[in-house]
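Student: Sequence:
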Amino acid sequence: MLIVEIIVSFFLLLGAFFALAGSIGLYRLKDFFTRLHGPTKATTLGVGSMAVASAIYFSFHLEGISLHEVLITFFLFVTAPISAHFLAKAARHQRIHEDKGHPDSD
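Residues 1 to 106 in our numbering are what the sequence shown spells out, letter by letter.
Please keep in mind that the hints were generated in silico from the structure rather than gathered at the bench.
Be aware that a few hints might be false.
To be verified - Taking lysine-lysine pairs in the PhoX-like style, the calculated list, with each CA pair at most 25 Å apart, reads: (1) K89 <-> K30; (2) K89 <-> K41; (3) K30 <-> K41.
As the list claims (entries may be wrong) - Ranges of calculated distance between the beta carbons of each label pair, as one might list FRET restraints: (4) H93 <-> L71: 30 to 36 Å; (5) M1 <-> K89: 46 to 52 Å; (6) D31 <-> F77: 21 to 27 Å; (7) L67 <-> I7: 15 to 21 Å; (8) S83 <-> F60: 15 to 21 Å; (9) L62 <-> I82: 30 to 36 Å; (10) I24 <-> S59: 28 to 34 Å; (11) R28 <-> F58: 33 to 39 Å; (12) S9 <-> V78: 22 to 28 Å.
Note that beta-carbon positions come from the ideal geometry of N, C-alpha and C, so glycine has one too.
Given the sequences, and given the hints that come with them, work out the whole structure.
Tutor: Following this line, the structure appears as structure tokens:
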């Protein structure tokens with residue numbers, strides 16, 4: 001069981017690192033389109049890694065594969081790019097410029 005705990009710890013630390021990196025990117029980047037990469041790329045990978053860690057942990061401590069965590073991970077990786085695409089499309093429709101970050105700024 002030590003190997004399972006090491007694997008779970010690895011995925012938790014990896015997930016925490018990517019979630020922190022995505023959050024810092026969301027805070028530090030200057031405009032809407034670059035800020036969009038933080039939550040859609042790094043944070044999605046971070047939360048996905050934490051969900052994988054949870055699936056591994058509960059699969060070994062309960063009987064069988066933990067279906068809840070597998071479904072959460074699947075829907076997370078499917079819906080995050082779609083929502084990012086819709087946000088970027090809406091920003092383009094609102095004419096949010098890449099350098100200013102608010103509508104119709106020159």
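Student: Would you mind marking each hint as holding or not holding in the structure?
Tutor: Here is how each hint holds up against the structure:
no.	hint	result
1	K89 <-> K30	19 Å, holds
2	K89 <-> K41	17 Å, holds
3	K30 <-> K41	17 Å, holds
4	H93 <-> L71: 30 to 36 Å	32 Å, holds
5	M1 <-> K89: 46 to 52 Å	47 Å, holds
6	D31 <-> F77: 21 to 27 Å	26 Å, holds
7	L67 <-> I7: 15 to 21 Å	19 Å, holds
8	S83 <-> F60: 15 to 21 Å	32 Å, violated
9	L62 <-> I82: 30 to 36 Å	31 Å, holds
10	I24 <-> S59: 28 to 34 Å	32 Å, holds
11	R28 <-> F58: 33 to 39 Å	35 Å, holds
12	S9 <-> V78: 22 to 28 Å	27 Å, holds
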